[in-house]
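With chain H held as given, fit chain S with the ligands onto it using these hints.
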Amino acid sequence: MSYHGNNHSGETCSKRRVLLMGNPNVGKSVIFSTLTNKRVMTANYSGTTVTSAQGDMIGAKVPTALIDVPGVYSLKAASQAEKAAVDMLDSGADVIVAVLDATNLERNLALAKALKKTGIPVIFMLNMVDVAESRGIKIDQKKLEELLGAPVIKTVAVKRKGFNRLIVELNRLLTANNADVDTTADSAPSAATIAEEVITYTDYEERLSDKLERWTIKPFTGIPIAILIVFLCLAFVVGMGKAVRAALFLPLLNQYYIPFMERLAAGFTAEGTMMYAILAGEFGVLIKAVEWPIALILPYVFFFYIVLSFLEDSGYLPRLGIVIDGLLRKFGLHGHSIIPISMGYGCAVPAIIGTRTASSMKERLIVSALVSLAVPCIAQTGAFIALLGDHSFVLLLLIFFVSFIVMFISGSLLNKVLKGTLDPVLIEVPNLLAPSIGSLWKKVKMRTKHFMIEAEIPMVIGIVVAALTIETGVLEYVGFIVEPVVVHFLGLPPEASVALILGVIRRELAVLPLLGMDLSLGQMFVGSLVALLYIPCMSVFFVLIKEFQLRWALVISGATIVTAMIVGGTANYGIQILQWFMFTLGGGN
Amino acid sequence: MKQTGICAVSCNKVCKVKEVPACELLESLGIEAGSTFCVKQKSPWKGPVVVEMKGRRELAIDYSIASQFVVEEVDDSVLSWQQS
Ligand SMILES: Nc1nc2c(ncn2[C@@H]2O[C@H](COP(=O)(O)OP(=O)(O)OP(=O)(O)O)[C@@H](O)[C@H]2O)c(=O)[nH]1
Ligand SMILES: [Mg+2]
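From first to last, the protein sequence lines stand for chains H and S. Counting in my numbering, the first sequence runs from 462 upward without gaps. Counting in my numbering, the second sequence runs from -12 upward without gaps.
Please keep in mind that the hints were generated in silico from the structure rather than gathered at the bench. Every residue, glycine too, gets a C-beta built ideally from N, C-alpha and C. Careful, some of the hints might be misleading.
Below, in silico cross-link-like pairs of lysine-lysine (PhoX-like), each with a Cα-Cα straight-line distance of 20 angstroms or less [claimed, not checked]:
(1) H:622 - H:499
(2) H:791 - S:33
(3) H:603 - H:615
(4) H:880 - H:823
(5) S:0 - H:679
(6) H:823 - H:906
(7) S:27 - H:679
(8) H:791 - H:877
(9) H:574 - H:544
(10) H:574 - H:603
(11) H:679 - S:33
(12) H:622 - H:903
(13) S:0 - H:672
(14) H:620 - H:906
(15) H:672 - S:27
(16) H:903 - H:499
(17) H:620 - H:903
Per label pair, the in silico range of CB-to-CB distance [what the hints assert, rightly or not]:
(18) S:-5 - H:675: 20 to 28 angstroms
(19) S:-5 - H:628: 32 to 40 angstroms
(20) S:-8 - H:626: 46 to 54 angstroms
(21) H:903 - S:33: 53 to 61 angstroms
(22) S:8 - H:853: 47 to 55 angstroms
(23) S:32 - H:822: 23 to 31 angstroms
(24) S:8 - H:538: 16 to 24 angstroms
(25) H:690 - S:33: 21 to 29 angstroms
(26) H:628 - S:0: 45 to 53 angstroms
(27) H:665 - S:0: 19 to 27 angstroms
(28) H:695 - S:31: 21 to 29 angstroms
(29) S:33 - H:852: 26 to 34 angstroms
(30) H:866 - S:8: 33 to 41 angstroms
Pulled out of the complex, with its shape left as it was, chain H reads as follows (with noise of 0.2 angstroms):
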């Protein structure tokens, strides 16, 4: 069989294909973003990439277009994305870029003779030198050259160390006629025998990252540096986050852009119109819709992306998934799980997504439960943060305390109730890296950018919906069912149940509108816990529309719904003792 580029069907015609293929996890988007400028997401462990992403490679003499095909071990169409790399190939390919990991070159030799007897020209490219020389292999390009009949170049992709050569190569490939390139079938040596020839190992100095490397995956130093991790993370979230708005968006937001709407609106309309309440007033769109995105939301954001782009390339994620599995098996997931876990707090939507490298159905769905239920995103956690933070620092972690609860339970519940079994999985542990400045700045810009285009329209359309059903009384006809949930059951102010309905469209949405209503500290913990676990967003269930059909996506947001109602009547109820309790001894003595 021929997967010769020149005999692809016409719909694609006039450009050329080129598809950078290789290992997971060998710097494959990296390549792909540097050669066509377009931000895929990457990330220091196996799988971050789970469907194609195309783009036009700039520095080619003809139009090309380059394609980022998920990593694959071997071309055997084993497993699902292994079956969509071979659907690439036969597709047809003008020519392959096949990306191979320095530190680990003889297992990535495997597929590189697989893809050059695929007869399409190949250029390999030897990725993570920098790496690999830093911890004693040498590797012998020209003799690699020679014994895999084609270029070889070494580069350090997120340095951007050798793409010059490489546009070279491949004008070179593009522009020649196909039969002048040598694709002769290959009559390479094992891989075994390559690697003999090739690689030398020197001696080196253990460092301090080699040690790392082995204390987080033992257990007995592994939890420590766990939970000293994620108390640094929090830390550093919830500090930087509150010191840049207590510093800079609120002194802004309250000496200048307040009162600039305010006069601005006044001079629409009289104060005490209605008008006047939905552009400034109470839930005023013109304040509203800067405030709660930019002044309380987005610091958090930021500073949260920082931290989560930091533990995604640094490698550590899986170490800690191999660390905590044996925990995690009790929820029907394996250690891995914890990337999406970690991604959903940021969102859940890549979250969703992102357990498409999940080995069953049964696990891609505890997790995208789990995640929809109790795992708030930061942006919900940075409302938690602005009703919370300021009263009680207690009360937010206890927040987070019964999200762990409520996932624990649901996760062994769901792993009873669902069918199916965990297919054992094998995981590469990924170097711990430093992550380099300019990728995780890339990335951070890339997230942050997306929260501010995904959040702006929906939070105006929700303060709107605020505003008029505050504004116009709507609230009272529709009585009968606020009074007994939201009043009698959850012991919260009719118009919380503002919150509740703008928390169907996002998730802060369902905290923010509680900040100016004067509520107490139980009612507030009650409110933040309904949100919490209530309906994810409109984003997350289209997601699940996607992933999983309407069947589930149902399924999980009506089972959102219930619990959280159970939950934030329990605490309601328990909280309510509570005070009669103290009242009644108080009172007693």
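Leaving out everything else, chain S with the ligands in the frame of chain H:
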């Protein structure tokens, strides 16, 4: 030499694979009969077994797969990739 499962090999001991469990991915990852690796870490509660393969690369193997291996312990000196 004595043949055992990986789970019975103590940490930092090198072993040679005699029989591989049926698992596609193992083969793709370069573990086949005859390959050697060093057991680095065994986690409690039937957690994964971490082994170091040639090239100073670590792999976490699920307990259920690890227990199906048949391996034999070998002398450390066979390893070319480890520093003494
Ligand atoms: N030190 C160093 N790090 C690199 C280099 N190239 C990539 N990285 C890092 O390696 C990690 C993996 O890169 P990705 O581009 O996400 O890998 P991938 O091949 O797309 O992985 P999958 O999508 O999982 O198949 C990232 O954290 C990069 O920052 C390099 O040359 N040197
Ligand atoms: Mg990728």
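Going down the list of hints, with the structure as the test:
With a C-alpha separation of about 18 angstroms, the suggested pairing of residue 622 of chain H with residue 499 of chain H holds against the 20 angstroms cut-off. For the given pair, residue 791 of chain H sits about 11 angstroms from residue 33 of chain S by alpha-carbon distance, which is consistent with the 20 angstroms threshold. Only pairs whose Cα atoms come within 20 angstroms are accepted, and residue 603 of chain H paired with residue 615 of chain H is accepted, the gap being roughly 11 angstroms. Distance check on the hinted pair: residue 880 of chain H and residue 823 of chain H sit about 7 angstroms apart at the alpha-carbon level, within 20 angstroms; holds.
Annotation: proposed proximity of residue 0 of chain S to residue 679 of chain H holds, straight-line Cα distance about 16 angstroms (limit 20 angstroms). About 34 angstroms separates the Cα atoms of residue 823 of chain H and residue 906 of chain H, which puts this hinted pair outside 20 angstroms; it is violated. The hinted pair formed by residue 27 of chain S and residue 679 of chain H meets the criterion: a straight-line CA distance of about 9 angstroms does not exceed 20 angstroms. For the hint linking residue 791 of chain H to residue 877 of chain H, the alpha-carbon distance of about 10 angstroms falls within 20 angstroms, and the restraint holds.
With a CA separation close to 18 angstroms, the supplied pair residue 574 of chain H and residue 544 of chain H stays within the 20 angstroms bound. The hinted pair formed by residue 574 of chain H and residue 603 of chain H meets the criterion: a straight-line CA distance of about 17 angstroms does not exceed 20 angstroms. For the proposed pair residue 679 of chain H and residue 33 of chain S, the alpha carbon gap of about 14 angstroms is at most 20 angstroms, so the pair holds. At most 20 angstroms may separate the alpha-carbon atoms for a hinted pair to count; residue 622 of chain H and residue 903 of chain H meet this at roughly 18 angstroms.
Proximity of residue 0 of chain S to residue 672 of chain H is assessed by CA-CA distance (about 18 angstroms); at most 20 angstroms being required, the pair is judged to hold. Of the pairs offered as hints, the one joining residue 620 of chain H and residue 906 of chain H holds, with about 18 angstroms between alpha carbons and a cut-off of 20 angstroms not exceeded. At roughly 13 angstroms between alpha-carbon atoms, residue 672 of chain H and residue 27 of chain S fall within 20 angstroms of each other, so this suggested pair holds. The hinted pair formed by residue 903 of chain H and residue 499 of chain H meets the criterion: a straight-line CA distance of about 11 angstroms does not exceed 20 angstroms.
The hinted pair formed by residue 620 of chain H and residue 903 of chain H meets the criterion: a straight-line CA distance of about 13 angstroms does not exceed 20 angstroms. Restraint check, residue -5 of chain S to residue 675 of chain H: a C-beta distance of roughly 22 angstroms satisfies the suggested window 20 to 28 angstroms. For residue -5 of chain S and residue 628 of chain H, the hinted distance range of 32 to 40 angstroms is not satisfied, since their beta carbons lie about 53 angstroms from each other. Separated by about 48 angstroms at the C-beta atoms, residue -8 of chain S and residue 626 of chain H satisfy the suggested range of 46 to 54 angstroms.
Hint check: residue 903 of chain H to residue 33 of chain S, Cβ distance near 40 angstroms, so the stated range 53 to 61 angstroms is violated. The hinted range of 47 to 55 angstroms is satisfied by residue 8 of chain S and residue 853 of chain H, whose Cβ atoms lie roughly 53 angstroms apart. Between residue 32 of chain S and residue 822 of chain H the CB atoms are about 24 angstroms apart, so this pair conforms to the stated range of 23 to 31 angstroms. In this structure the supplied range 16 to 24 angstroms holds for residue 8 of chain S paired with residue 538 of chain H, their Cβ-Cβ distance being about 21 angstroms.
For the pair residue 690 of chain H and residue 33 of chain S, the supplied restraint of 21 to 29 angstroms holds, since their beta-carbon distance comes to about 24 angstroms. The beta-carbon spacing between residue 628 of chain H and residue 0 of chain S, approximately 48 angstroms, falls within the hinted interval of 45 to 53 angstroms. Between residue 665 of chain H and residue 0 of chain S the CB atoms are about 23 angstroms apart, so this pair conforms to the stated range of 19 to 27 angstroms. The hinted window of 21 to 29 angstroms between residue 695 of chain H and residue 31 of chain S holds, with their beta carbons roughly 26 angstroms apart.
Taken as a hint, the range 26 to 34 angstroms is violated for the pair residue 33 of chain S and residue 852 of chain H, whose Cβ atoms sit roughly 44 angstroms apart. The beta-carbon spacing between residue 866 of chain H and residue 8 of chain S, approximately 37 angstroms, falls within the hinted interval of 33 to 41 angstroms.
Figure legend: structure checked against the earlier numbered hints; hints not met, in rising order: 6, 19, 21, 29.
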